[in-house]
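J.: Assemble chains Z, W and X with the ligands onto chain E, guided by the hints.
Chains as they are written, first to last, in the numbering used here: chain E, 1 to 424; chain Z, 1 to 424; chain W, 1 to 171; chain X, 1 to 171.
Some hints could be false.
[What the hints assert, rightly or not] For the chain E half of the interface with chain Z, some residues (derived, Cβ under 8 angstroms), not all of them:
#1 Asn68
#2 Gly158
#3 Thr247
#4 Thr276
#5 Ala405
#6 Glu407
[What the hints assert, rightly or not] Heads up, simulated EDC-like pairs for lysine to aspartate or glutamate below, C-alpha to C-alpha not over 16 angstroms straight-line:
#7 X/Lys71 - Z/Glu388
#8 Z/Lys261 - Z/Glu284
#9 E/Lys421 - W/Asp12
#10 X/Lys101 - X/Glu113
#11 E/Lys152 - Z/Asp151
#12 Z/Lys421 - Z/Glu372
#13 E/Lys422 - W/Glu21
In short, the hints are calculated from the structure, not lab data.
Every residue, glycine too, gets a C-beta built ideally from N, C-alpha and C.
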Amino acid sequence: MSNTQKAAAPARETIALDPRRVAQDFPILKQKIHNGKRLVYLDSGATSQKPFTVIDAMNEYYHVSNANVHRGLHVLAERATEIYECARTRMHFFINAYLPGEIVWTKNATEAMNLVAHGYARKFLKAGDEVIVSRMEHHANLVPWHLLAKDKGVVVKGIELNADGTLRLEELDAFLKGGKVKIVALTHVSNVLGTINPIAEIAKKVHDAGAIFVVDGCQAVPHLPVNVQTLGADFYAFSAHKMLGPTGLGVLWGRMSLLEKMDPFLGGGEMIEEVTISSSTYKEPPGRFEAGTPPIAETAGMTAAVEYLMKTGMANIRAHEKELVSYTLERLKSVKHLKVFGPANPEIRAGVFAFEFEDIHAHDVAQILDGEGVAVRAGHHCAQPLHEWLGSPSTARASAYLYTAKEDIDALVKALETVRKKFA
Amino acid sequence: MSNTQKAAAPARETIALDPRRVAQDFPILKQKIHNGKRLVYLDSGATSQKPFTVIDAMNEYYHVSNANVHRGLHVLAERATEIYECARTRMHFFINAYLPGEIVWTKNATEAMNLVAHGYARKFLKAGDEVIVSRMEHHANLVPWHLLAKDKGVVVKGIELNADGTLRLEELDAFLKGGKVKIVALTHVSNVLGTINPIAEIAKKVHDAGAIFVVDGCQAVPHLPVNVQTLGADFYAFSAHKMLGPTGLGVLWGRMSLLEKMDPFLGGGEMIEEVTISSSTYKEPPGRFEAGTPPIAETAGMTAAVEYLMKTGMANIRAHEKELVSYTLERLKSVKHLKVFGPANPEIRAGVFAFEFEDIHAHDVAQILDGEGVAVRAGHHCAQPLHEWLGSPSTARASAYLYTAKEDIDALVKALETVRKKFA
Amino acid sequence: MQDAHNEEKNLDQLYRDVLFEHYRRPHHKGELAGAEIVTKGNNPVCGDKVTVYGKLDAQGERLEEVGFDGKGCAICIASSSMMTETMRGKTLAEASAASDKFKAMMRNEAAFEVPPEVPDLEALEGVKKFPVRVKCATLAWTTLKNGILAYQAGKTGGETVEACETNTEKE
Amino acid sequence: MQDAHNEEKNLDQLYRDVLFEHYRRPHHKGELAGAEIVTKGNNPVCGDKVTVYGKLDAQGERLEEVGFDGKGCAICIASSSMMTETMRGKTLAEASAASDKFKAMMRNEAAFEVPPEVPDLEALEGVKKFPVRVKCATLAWTTLKNGILAYQAGKTGGETVEACETNTEKE
Ligand SMILES: Cc1ncc(COP(=O)(O)O)c(C=O)c1O
Ligand SMILES: Cc1ncc(COP(=O)(O)O)c(C=O)c1O
Ligand code: FES
Ligand code: FES
Numbered sequence: 001m002s003n004t005q006k007a008a009a010p011a012r013e014t015i016a017l018d019p020r021r022v023a024q025d026f027p028i029l030k031q032k033i034h035n036g037k038r039l040v041y042l043d044s045g046a047t048s049q050k051p052f053t054v055i056d057a058m059n060e061y062y063h064v065s066n067a068n069v070h071r072g073l074h075v076l077a078e079r080a081t082e083i084y085e086c087a088r089t090r091m092h093f094f095i096n097a098y099l100p101g102e103i104v105w106t107k108n109a110t111e112a113m114n115l116v117a118h119g120y121a122r123k124f125l126k127a128g129d130e131v132i133v134s135r136m137e138h139h140a141n142l143v144p145w146h147l148l149a150k151d152k153g154v155v156v157k158g159i160e161l162n163a164d165g166t167l168r169l170e171e172l173d174a175f176l177k178g179g180k181v182k183i184v185a186l187t188h189v190s191n192v193l194g195t196i197n198p199i200a201e202i203a204k205k206v207h208d209a210g211a212i213f214v215v216d217g218c219q220a221v222p223h224l225p226v227n228v229q230t231l232g233a234d235f236y237a238f239s240a241h242k243m244l245g246p247t248g249l250g251v252l253w254g255r256m257s258l259l260e261k262m263d264p265f266l267g268g269g270e271m272i273e274e275v276t277i278s279s280s281t282y283k284e285p286p287g288r289f290e291a292g293t294p295p296i297a298e299t300a301g302m303t304a305a306v307e308y309l310m311k312t313g314m315a316n317i318r319a320h321e322k323e324l325v326s327y328t329l330e331r332l333k334s335v336k337h338l339k340v341f342g343p344a345n346p347e348i349r350a351g352v353f354a355f356e357f358e359d360i361h362a363h364d365v366a367q368i369l370d371g372e373g374v375a376v377r378a379g380h381h382c383a384q385p386l387h388e389w390l391g392s393p394s395t396a397r398a399s400a401y402l403y404t405a406k407e408d409i410d411a412l413v414k415a416l417e418t419v420r421k422k423f424a
Numbered sequence: 001m002s003n004t005q006k007a008a009a010p011a012r013e014t015i016a017l018d019p020r021r022v023a024q025d026f027p028i029l030k031q032k033i034h035n036g037k038r039l040v041y042l043d044s045g046a047t048s049q050k051p052f053t054v055i056d057a058m059n060e061y062y063h064v065s066n067a068n069v070h071r072g073l074h075v076l077a078e079r080a081t082e083i084y085e086c087a088r089t090r091m092h093f094f095i096n097a098y099l100p101g102e103i104v105w106t107k108n109a110t111e112a113m114n115l116v117a118h119g120y121a122r123k124f125l126k127a128g129d130e131v132i133v134s135r136m137e138h139h140a141n142l143v144p145w146h147l148l149a150k151d152k153g154v155v156v157k158g159i160e161l162n163a164d165g166t167l168r169l170e171e172l173d174a175f176l177k178g179g180k181v182k183i184v185a186l187t188h189v190s191n192v193l194g195t196i197n198p199i200a201e202i203a204k205k206v207h208d209a210g211a212i213f214v215v216d217g218c219q220a221v222p223h224l225p226v227n228v229q230t231l232g233a234d235f236y237a238f239s240a241h242k243m244l245g246p247t248g249l250g251v252l253w254g255r256m257s258l259l260e261k262m263d264p265f266l267g268g269g270e271m272i273e274e275v276t277i278s279s280s281t282y283k284e285p286p287g288r289f290e291a292g293t294p295p296i297a298e299t300a301g302m303t304a305a306v307e308y309l310m311k312t313g314m315a316n317i318r319a320h321e322k323e324l325v326s327y328t329l330e331r332l333k334s335v336k337h338l339k340v341f342g343p344a345n346p347e348i349r350a351g352v353f354a355f356e357f358e359d360i361h362a363h364d365v366a367q368i369l370d371g372e373g374v375a376v377r378a379g380h381h382c383a384q385p386l387h388e389w390l391g392s393p394s395t396a397r398a399s400a401y402l403y404t405a406k407e408d409i410d411a412l413v414k415a416l417e418t419v420r421k422k423f424a
Numbered sequence: 001m002q003d004a005h006n007e008e009k010n011l012d013q014l015y016r017d018v019l020f021e022h023y024r025r026p027h028h029k030g031e032l033a034g035a036e037i038v039t040k041g042n043n044p045v046c047g048d049k050v051t052v053y054g055k056l057d058a059q060g061e062r063l064e065e066v067g068f069d070g071k072g073c074a075i076c077i078a079s080s081s082m083m084t085e086t087m088r089g090k091t092l093a094e095a096s097a098a099s100d101k102f103k104a105m106m107r108n109e110a111a112f113e114v115p116p117e118v119p120d121l122e123a124l125e126g127v128k129k130f131p132v133r134v135k136c137a138t139l140a141w142t143t144l145k146n147g148i149l150a151y152q153a154g155k156t157g158g159e160t161v162e163a164c165e166t167n168t169e170k171e
Numbered sequence: 001m002q003d004a005h006n007e008e009k010n011l012d013q014l015y016r017d018v019l020f021e022h023y024r025r026p027h028h029k030g031e032l033a034g035a036e037i038v039t040k041g042n043n044p045v046c047g048d049k050v051t052v053y054g055k056l057d058a059q060g061e062r063l064e065e066v067g068f069d070g071k072g073c074a075i076c077i078a079s080s081s082m083m084t085e086t087m088r089g090k091t092l093a094e095a096s097a098a099s100d101k102f103k104a105m106m107r108n109e110a111a112f113e114v115p116p117e118v119p120d121l122e123a124l125e126g127v128k129k130f131p132v133r134v135k136c137a138t139l140a141w142t143t144l145k146n147g148i149l150a151y152q153a154g155k156t157g158g159e160t161v162e163a164c165e166t167n168t169e170k171e
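Next up, chain E with everything else stripped away, as it sits in the complex (with noise of 0.2 angstroms):
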């Protein structure tokens, strides 16, 4: 079968989707808070909620799957292995992967992070390299370097942003220039400023330069159809529990060629073809990586994640979450003194909203907020050179995904509301 064909669910635009319908698989949603108020959840980006056929696979494999992986020839451990190498292979096809093998499981992106730092940087670069960073990166893309940078002596530099809080990829193009550049490592979505980056450009640039491209998915695989072979990346991590599944469980997704050539990262057991009392061999990928035993449970609970995703079509997720960019946007305007960050267009920025108000706190407005039912984030959504950059050490994030009405925005505005006349 050839790869380029392994496309991911069909597109079915025409469909519109419903979020209100869609809310109704989601438990949690269901809940009254605060003396009966309904539970406006607008804090998607940091992680989803679950629907009830994810937390039911788990539960099920609990119930009658439940063993070790691999190396087991009794019934529930071949039931337990075959599920977890089952969502490898469902993975690979969800972001069209070559192979599965390609998948490895981490346990959340900030290990997939670090382990292409640790695991293929650590190897290849030496002193004087540099790896490329923006300004609007989250910290599991910026710590791991910072880690490398300390310990190898590499230089980490970062591409700075346009007043509308997109990427300066001339600047890019000038660090390209230099030489040096081994690495480029960068967000495809922004976990603050919503903005979508032009991952399958930029990879063009960064593969001319002989560089190899790093990608957070994080906010991207859950709210975009994510093609890896059309991207053209090298290296893509994201992580379940922000795509509707479980907690403990992360990806990276990598070239097999490049997979092939890293050290692994955690000794132990399942990674290894051969242990003396003083020496190891390794795996091939992914086994590799998958030192001990893995989140199995999780896994089963990612593959319903997956099928939920594709049922509903990931294109009109992402056509369901413009639309709401394009009202949220608006709605907030009517909102005085608040100012809202990242790109106005609708077309490169996904369903985040980071926004504050000049004179009142981000944590008082959260605080407020949540009193009202409204459950946003406040702080530096562990974007800190971001916010740096905003002038501001805090902000408050609403964050939309499949299950977010226009009644849920409308429920926001009219507690910001509330909020203004607490701190008239």
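T.: Just chains Z, W and X with the ligands, lined up with the frame of chain E:
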């Protein structure tokens, strides 16, 4: 409050544990397999089954409380953070750690061991320094040291075994006398031989020699009362999934004074104090070691597991398993041509039984046992150096837990007779 | 259970009128020229920073003036303001003890007692029910204590110490 | 669903009488002196190792004798035995192709066809239903192929190549 007073649940040795009643709490054990055969699960050494309360706690987490932890002000974030941090407090009581902050959540025991090797040993050991392991170690307590040896020139040496499968402690004495030993890393209980090592006694030797003592507690915490204060080791690692808890969660306990000196392992969100575009400073333990979104639902399950174990009483569990050791060793004697490994004395043996027929391969044995409904594991059990010593690349292993009854052992013995017949 | 727990606490207990008064018109806010104690404190949860100033009497024993500056949430600013009222006139030892006591009270490790000289402090009791906000309330208090320790260790003048509350539970 | 799936497969399909015959009295077992092809194969799942031997005709094109040695489970030993029967008399190219074909059959990537000259091979079809055991059956076959490749690359004589089946799925 004085730390030494924080005892675990009161030992109720008087109330004998009835494994068949206990088994009622484990839904998976009620199923029939292979055309109506009762499932006889004798693979708890690989992973334990989970009681309803554990499965339900995770279910409830996703139905009611799911959110990302830390930095969240809304009601769900607060619930999730409380669940996550209370699990830490609960765990610190369970193993009698000095402080809740000494409990570092990892993805499994393997990551916990790697964290010590990477964060502590890589920082403080230099070429020529010695790390002492033993012939009976699991790969999780070998490969991290091999990786270190390769990178830093540290020397890994192994303690050999007496014929009965106990440690040759005189070899440890000799190594320590050499004056180069910086770390001793041993398992508390062997996952193949069942040997219970005298940890407190060894801790004294190690400390007298000025070295650090790392203990792999994977097969001990689920089965024995473990009190890290009286054991006296410096680091103690184990996994949730072997002690009624979920997959995807492990624990590193370490003395705060040592944790404070350690470098972070993974870089990312939640573990930093402050990040600029080119550098970062780190949080205090345990936050420093918990980068990214942690396994949150899993800690909800862990709390329920610890509650189940405390309610049952670790001393009762140990008493039950000790009785089972006597019974099983006696019963297995009746099977012709069967060799059973490990100590004969139940006082120093846990409920793990590796065995082999001289002329029948372990995988064939396990396969046929499975056909009879009896789930055992075959292979090297991630202990290749031990199997080299046993003279056999693989063994079959039956392992018991609190739900294992004498009837299960009888079923094993009966099925072993079937194996003999088939291969007659 | 969780809902009952949540019902008990109420935003009005957090955002009391007295608190808003201190937030809108904080006492002793702004740089305090000539202070012997000048210490920065950083709340890692939100990234907010305050600077705390202490001016000593001639003997170097008693805080004659206490001030603060910085940005923070309403709770932080109001609590900083009340801190300056509480600390003024105390000896260094008394001020250290008052900082410890306040922290213990906010963490529910000591009974909540309002000193008669600063009745407004009562307005902070509600913060106890919102664990994530406790650091907001304690920031300035911990920072002053760190400043005093630094001063006693001989680090006088413009020297600053980073006062970081961490998420490590101390028994 | 899972139970139905399990009921379909039956231990008797795995441990067929023919298989036991080959296990108890394997064909061409033991070191083959003077073999040009000598290759070790290692099954990482269980740690079992077999050595495969090939003796060539004068032209160095055809396998005149094929043998094996080593320890393994019943399936591994029986399959190794049948492998020697299958490969004897084949050219190196034919033997390589036969190895590939057997692997594809065992992995359900090709229809299961029994070569008329080795009818016993039919006894291995049942192994397909036990995925963990497939490597047991393919070990000797893959090892021979690796030996042929090494021989063709000029590594004649006692040279050995490690043939490791990995758990990476190849499309
Ligand atoms: C003694 C021992 N150490 C370490 C491990 C590794 O534990 P995990 O796979 O959960 O990381 C195990 C279990 O497989 C074990 O039995
Ligand atoms: C853009 C981005 N990168 C990385 C991460 C880290 O993901 P995790 O915490 O699941 O490792 C997040 C989420 O917090 C994110 O939004
Ligand atoms: S939110 Fe920063 S001090 Fe309160
Ligand atoms: S179990 Fe080792 S080859 Fe079959």
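J.: Are the hints correct? Go through all of them and say.
T.: Cross-check of the supplied hints:
1. Asn68: 4 angstroms, holds
2. Gly158: 4 angstroms, holds
3. Thr247: Result: holds, 5 angstroms to nearest chain Z Cβ.
4. Thr276: 6 angstroms, holds
5. Ala405: Hint violated; E/Ala405 Cβ to chain Z Cβ min 18 angstroms, cut 8 angstroms.
6. Glu407: Not OK, violated: E/Glu407 not within 8 angstroms of chain Z, min 18 angstroms.
7. X/Lys71 - Z/Glu388: 14 angstroms, holds
8. Z/Lys261 - Z/Glu284: 10 angstroms, holds
9. E/Lys421 - W/Asp12: It holds: about 14 angstroms lies between the C-alpha atoms, which stays within 16 angstroms.
10. X/Lys101 - X/Glu113: Between X/Lys101 and X/Glu113 the Cα gap is close to 9 angstroms, so the pair holds against 16 angstroms.
11. E/Lys152 - Z/Asp151: 13 angstroms, holds
12. Z/Lys421 - Z/Glu372: It holds: about 13 angstroms lies between the C-alpha atoms, which stays within 16 angstroms.
13. E/Lys422 - W/Glu21: 12 angstroms, holds
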